[in-house]
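Asks: Going down the list, the protein sequences come from chains U, G, S and Z.
Last residue of the first sequence: 997 (my numbering), numbering continuous.
Last residue of the second sequence: 1089 (my numbering), numbering continuous.
Last residue of the third sequence: 1508 (my numbering), numbering continuous.
Last residue of the fourth sequence: 1708 (my numbering), numbering continuous.
Hint data in this document are derived by calculation from the structure and do not stem from the laboratory.
Here the structure is a predicted model, which means the values were calculated and not measured.
Note that the Cβ used here is the ideal one computed from N, Cα and C, for glycine as well.
Heads up, a few of these hints could be off.
Said to hold, decoys possible - Stretches of chain S that chain U covers, calculated by requiring three or more beta carbons in the stretch to come under 8 Å of a beta carbon on chain U:
| hint | stretch |
| --- | --- |
| 1 | 1121-1132 |
| 2 | 1216-1225 |
| 3 | 1271-1278 |
| 4 | 1355-1369 |
| 5 | 1387-1401 |
| 6 | 1418-1424 |
| 7 | 1481-1492 |
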Amino acid sequence: MSPRRTETGGRIDRLRTIRFTFDGAPYTGHAGDTLASALLANGVTLFGRSFKYHRPRGLLAAGVEEPNALVTVLRGEVREPNIAATMVEIYDGLVAVSQNRAPSLAWDIGALNQLGGKVLSAGFYYKTFMGPVIGPLKGTRFWMFCEHFIRRAAGLGKAGTAPDPARYERMNAFCDVLVVGSGPAGLMAAKAAADQGARVILADLEAHFGGSAHWSGETIDGVPAADWAQRTVGQLEGNDNVRLLPRTTVWGYYDGNTLAALERVTDHKETPAKGEPRQRYWAIRAGTVVLATGSFERPLIFPGNDRPGVMLAHAAERYAVEYGVLPGQRIALFTNNDSAYRSAVALKKAGAAVVAIVDVRGDVSNEMRRLASEAEAELLAGHAVVATEGGRALTGLKVQRFDATNGALSGDDRSIHADSLLMSGGWSPTIHLASQAGARAEWDPARQAFLPPRPTQRWIGAGAFTGSFSTAEAIAEGRAAGLQAAGGSASSAPLPIVEATPGDPDPAPVFEIKAKGKSFVDFQHDVTAEDVRLAHREGFVSVEHLKRYTTLGMATDQGKNSNVPGLAIMAEALGKPIPEVGTTRFRPPYTAVSIGSLAAERFGDLKPERLTPMHDWHIANGATMYSAGLWYRPMIYGLAGETVEQAYVREARATRESAGIVDVSTLGKIAVQGPDAAEFLDRVYTNMFSTLAVGKARYGLMLREDGLAFDDGTTWRLGEQDFLMTTTTANAGKVMQNLEYFLDVIWPELKVTVTSVTDEWAGAAIGGPKARAILFSCVTGTAVDNATLPFMGIVHGRIAGVPVMICRLSFSGEMAFEVYSGAGYGTRVWEALIEAGKPFGLVTYGLEALGTMRIEKGHVTGAEIDGRTTARDLHLDWMLSKKKPFIGSAMMDREGLISPDRLQLVGLISLDNRPFNGGAHIVEELDEANPHDSIGHITACCYSPALSKYIALALVKDGKARHGTRAFVSDPLRNRFGPIEIVSNHFYDPDGSRMHG
Amino acid sequence: MLITCPYCGPRDVIEFTYQGDGNRERPQPASQNLDAWNAYVYDRLNPAGDHNEIWQHSGGCRAHLRVVRNTLTHEVLSTAFARGGHKTESRS
Amino acid sequence: MAEYSAFSLLKNALTGNKDWKPAWRKPDPKASYDVIVIGGGGHGLSTAYYLAKEHGITNVAVLEKGWLGSGNVGRNTTAVRSNYLLPQNTRFYEHSMKLWENLSHDLNYNVMFSQRGCLNLAHTPAQLDDYARRGNAMRHLGVDADLMSVDQIKRLVPALDVSGSARFPVLGGLMQRRAGSARHDAVAWGYARGADRRGVDIVENCEVTGFLRDGGRITGVSTTRGEIRAKKVALAVAGSTGRVMQLAGISHMPIESHVLQAFVSESLKPIIDTILTFGMGHFYISQSDKGGLVYGGDLDGYNSYAQRGSLPIVDEVMSEMVALFPGLARVRMLRSWGGVCDMTMDGSPIITTGPLPGMYLNCGWCYGGFKATPASGWCFAHTIAKDEPHEFNAPFTLDRFYRGLVIDDKGQGATPRLH
Amino acid sequence: MAEHQLPERQSPLEPEYHPGSHGNFEHGVDVILSETRPGSILQLAAWAGEEKRLIEVVRKVTGLALPDGAGGGVGNGARAAFGFAPGKFTVVDEAEGLAQAFAGAITPAIGTLTDLSHGRTAIRIAGPKAEWVMAKFFAIDFALPAFPLGAGRSTNHHDIFAQIQRSGADQFDIYVFRSFARSFWKALCHASEEVGYEVQ
Ligand SMILES: Cc1cc2nc3c(=O)[nH]c(=O)nc-3n(C[C@H](O)[C@H](O)[C@H](O)COP(=O)(O)OP(=O)(O)OC[C@H]3O[C@@H](n4cnc5c(N)ncnc54)[C@H](O)[C@@H]3O)c2cc1C
Ligand SMILES: NC(=O)c1ccc[n+]([C@@H]2O[C@H](COP(=O)([O-])OP(=O)(O)OC[C@H]3O[C@@H](n4cnc5c(N)ncnc54)[C@H](O)[C@@H]3O)[C@@H](O)[C@H]2O)c1
Ligand SMILES: Cc1cc2nc3c(=O)[nH]c(=O)nc-3n(C[C@H](O)[C@H](O)[C@H](O)COP(=O)(O)O)c2cc1C
Ligand SMILES: [Zn+2]
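Construct all of the structure, not just a fragment, from the sequences and the given hints.
Replies: Structure representation (structure tokens):
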């Protein structure tokens, strides 16, 4: 039998033995154990090392608030650092290791930091490491040198880099009543609400429902509280309208009664079932929330309070009653309130020797005296613990007489031999969720605790959360809250009857025992009472300054143990009451949540892929794909051994020589329909559309309201009231939203519907001298000659039996056609065109060749319409109608938008016959060592097969005036400098004779 | 945060796109009053408190809504179609 | 007041740290000052510091409505860089960078400025070109910038997924090596101590509730601690600009207040040694000296003064984080918070005289003003002292929007949530 | 006009459509996934005030009696219709050619007709865990009282817009943009593994 496991008792399954390792050593425990309880049962006292001084630390708590016993759980290569051992349910094969120690937990070199002692006081790093003011170590050098070592010494666990193979999932839930916490209050609330027929969700972060009933040893309705809880859970389980979520931490209370919760679905399992997520992220939209989150017991602050073996009283009680483990054989308690007496009795019952109860209060009630004697403990009323003894485990403590009214110690100290010291410094309601919205908690001087703020959202509190610390009150408040939340009326049915240990809920206002030695307030961060007083001396007296200066409350427990004692010490130093010092702001999450769980279903799948109808064809035919926003588009269709440049040059050349075809399905397409469609387009585009004939298309330009260029594309008039607008791929969504905005908000009188039809149509652009011949050979039902299908004309016909719509327009500068068909027929039409093109030398081309041909033509895209350019900058002023106002027309002539030194679109030719790079700059004078005075930059560049030169488009200051002049490309990032000629952006076929045919 | 779309009912903020200050008045299209245009495009009321604003239910019915929302508490006080018509009061 | 040094630290340790004095005094406000600076954030404090240090104007009060540093200076993700696209911005932020590089010495306060670099990841060739354009723009203004290859990136940040199988594979990145991070609180406290040592009164818990006027001229402020007169009243209230300007009767500004969230993970051993930004989203990350991963993403996207955010952004940021670092899925988010950002219509700041006589305005820092703290104060002090802007802040006028002279690094136009 | 026999349309799901049982199905499948491939998917939009007339047109052309009210809808197996936005309705028919049937009926005075038969992909999820799986994607309440039979909803899963009609107590028809359909389908299959699913 393990040294500390009791013979009987506990809610563990003693018949099931579970094997696990900690720091490589094998241990066993039982089903129902946490890593903490199992190790404790095995006699382990040392669980971790503190952050700054690397002091040895044992278990402080039994739940989520544990600050010391942080471990890393390993699943193969995958590491999960900083997990409280108290929250790890053991499973066969569990591997856990300790952290922040080298070489081992027992012998940690970092403990040398303790020698630094007072030098390493709060905020010391602000005062030093600045290094010399002159010389080679001035500036940031010296600090960065020191920082290197500081960073390595800091940090808790080590994160892994192996990808996490787990699955995470999101779940959206709706309910009438969400009950957070399943103690007596929460259970009653859930039951009452469910009985009213409300949709109820009950969540508790623990593996078992029941909260404190799980281990309190009280009796409810004549049975042990735990059995009562189980029975109540059983009644809830049967209900269709109730969802029970164990192992689920509600961690965030957001606006609109939206709560975020994390369910640990398989963390306690050796292997998850197929498809089962490790964790599930619940986004819960609740009608009303019942907050029944209970309370935390507080430590007391005294020298040596961090020694392994010093533990919270209720935690010890939990270990004994819930897990059948005793934290020690000889136990002493130290308290400022009555609740520890119940713990003493429970531990006694579980088989420990309770050697003493040290109570700071001089007068202890008779009831408590009775409990002390029931525990066979010596009662030291009006005493305080002033020191603890031992190394990596407690061996004893020292007590002295104590006056609770003024904190004075007197008399000789007395040693007590004990291997476990349990402390209780009073209780703080778990008000985190209620406070997250920023409402101020209210200090209750009787309870010596912050009580929940007035609700800022629809929630109702119940139980210890409200400061009602007895089970009977919890039950009554729970039922009332559940009824109210479900819209029911008060019930006259009798409440369950509670038999509980008596006790006064109000502690003595004693937080710290000032004696010689380090007294810890924030255990993990090693913030001592002296640090708090130093902060006071240096003026960091506001509670938020205290926190930031000392890092009190910034550790993984987020002040759950330390906040109130820290405040109390500061309040005393200031001579002010605690509420005037205030409390720090509560923030989500309530307890730390894995980042994977928050990514949820997007873990490993950040964004969907958007595919054109011909996508699979492209892949099957050797295309290299390029991601453009969410879309995938062919970049090149490379042949074996070709470079990208060789491929696009071949594709572009073949297109200009015979014909090429490219997938343009990604272009944004918007159906603009209705009696006012033409009028609407006149207002939206800078040029006229009402004059466009049915069966024709026109190139259009849109500006933003501020007068800068927004987007361009062609719009086709398919019917009197029926237009098909195309936009650039990148701006499709933005343009759509803009149109909808104007129709809904600005011009609701216009009868127009706009509908995204991007996905309705597959588009193939086929261009080149042979393009018409190819169409001629495969299109039926319409002629495609110049008369029937002139430039910007539209015809309807069929290809391979599929209805198609063909518009003659050109981006490449060649005689070209866009062939649209229903997306479901896209590949069929595409293949038919390719088949028809074979005799003509048709090539497929990708975005690179498309880009090349558009650069040769001097067409603009998103690289030039970049949100900073005007129509004039891009030489599109010819499109600005003077006959009508349009979006942006009123703003486009402001001084800054017409000033001559703006960047304007030009063409560049490389004079040294070397390639350009996108993003290179242009200068008038070359200075490779100290580049300066940029006059512009390259927006797009390529090798031009048509010109047999390296060319580029660029935006250059006063560019138009520079046509024909020379300058230099200056690209220090890629060390590319050289002479260029500035020319017009229309490199190729400037009069458009090729595309007009 | 939840916004009650008059058509779709209460929906998570994730379904909406913010379109800003709803107090702005767009000048007549042909207006040459540059000050008015500047004010419309650039100036915002930006109050700390109740704010009249435009949201699009872009991840739902795509209607634009006029929403009165408190910028200190994020409480949504009322919603209505920007085109006019149905209005939903949320303040209890 | 004592100089801070290793020696003073040791000496004090020997005497039980009993002799340390407050880092700054807690004076009651006087009846009048030469200059009142409203806002005890980074910019207000640095303004006061440089007024005293550079211009000898020491009869100055900084009025802070809460505790010093309670605004964005105390809640930002501490990235300091000067890698802007447009020259107006680059020049200004580079001036700031130079001040940062000597700030700890200047203030005799270790602000822990650590030049561990800032790397913008590129995921498409077009984006790489964009970054090249920006990097080259920087180089032409004498600012350091480099393109990094995937191999170099892999070596610098081994935890990053640079495999081609990622949804948005890393193709390279733009690195500014002199960029880095500083301890946010230390910056506020260091400037406060520095200003205080030069005679500036730092008055906390003193909220400005109105302006005193003589005709059209601003002559002081009313506060929760009484009326205070001043020859010059300077605003540096960042996210509260809209509210404070309304007190002065100016109801409309080219500014919207938006909430930006930030996050910190539990403390970890060093794993990310630089500042890193994701090119296909808004995610950015660094690791604090304490070991916490400090990261954030996009604005929540709506007007807010609430200093707290909503859930969708939390999910968005974390999704982007594990897209870059699939190994960090089991690391846990410890705390999240929000700050209120004064978003302008072009994403660039405003530092100017006026708009009312006697008033000086410093605002529009969006989510990027921490890095500006030294230069902002330095330029604002110049503007206040000389009644005209320094050439570094001359472009950052209030009327630039109306005149079409916007400084729009992102090219998003007058949609503040997109800057 | 003589109707041509049109070739079969290509489904965007094709390479990822694997009929059979998948995931954790040893204890039975809890959802069934399928692509319903309707021949016609139309969007009808009425000008403000013309909604009732449009509803009447729908009744005449399809025989479906659309209830008047936000998100109201009906279905009869072969045809279905539901409102998804103010004045806007989706009408679906197993058969092709529904657009022609409406062409004359939706006059400019009533509103507009937009054919989306290719642009939207229809996916059906059915079975006892259909609500559970749907809740993984969409932040709307799928419980029957909140989302009654026949009703329609517009919502989205991150970048993917979806119109959803409840076509049975345990059955939903989801209309997504064609270009996103494969990604969505993969995600849907992935999310269904937990409960065991069958592709039909
Ligand atoms: C989450 C987040 C992350 C960020 N990350 C970065 C980053 O990585 N890099 C970067 O460069 N920038 C970043 N920023 C931006 C940066 O923090 C701010 O731009 C900058 O701090 C603003 O200047 P400030 O320090 O003076 O503002 P603040 O600190 O906000 O100072 C303004 C002060 O004015 C006070 N005040 C307001 N009204 C009154 C009144 N009526 N009377 C008296 N006082 C008043 C406020 O209380 C406040 O203290 C971030 C911001 C946020 C919110
Ligand atoms: N002075 C005292 O003796 C004293 C003080 C405090 C409490 N108590 C005892 O505590 C009990 C109070 O009952 P109760 O029901 O109010 O509280 P409880 O402590 O029994 O239950 C609270 C439950 O809420 C859960 N919880 C807390 N935060 C959560 C979150 N964010 N998400 C999910 N679950 C969360 C906890 O795990 C716990 O199970 C009584 O039995 C009372 O006797 C006694
Ligand atoms: C760079 C940086 C690092 C932080 N590290 C921690 C941390 O380790 N632990 C912690 O609890 N909070 C940390 N915080 C968050 C602060 O606790 C706090 O939430 C933030 O400053 C905003 O203040 P508020 O929450 O009081 O509004 C950090 C904040 C910043 C800006
Ligand atoms: Zn809606």
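Asks: All hints are to be evaluated individually against the structure, with a verdict given for each.
Replies: Hints, verified against the model:
1. 1121-1132: violated (count 0)
2. 1216-1225: holds (count 9)
3. 1271-1278: Holds, because 4 residues of the stretch 1271-1278 of chain S bring their Cβ atoms closer than 8 Å to Cβ atoms of chain U.
4. 1355-1369: holds (count 7)
5. 1387-1401: holds (count 5)
6. 1418-1424: That given contact holds, which follows from 7 residues of the stretch 1418-1424 of chain S lying within Cβ reach (below 8 Å) of chain U.
7. 1481-1492: holds (count 3)
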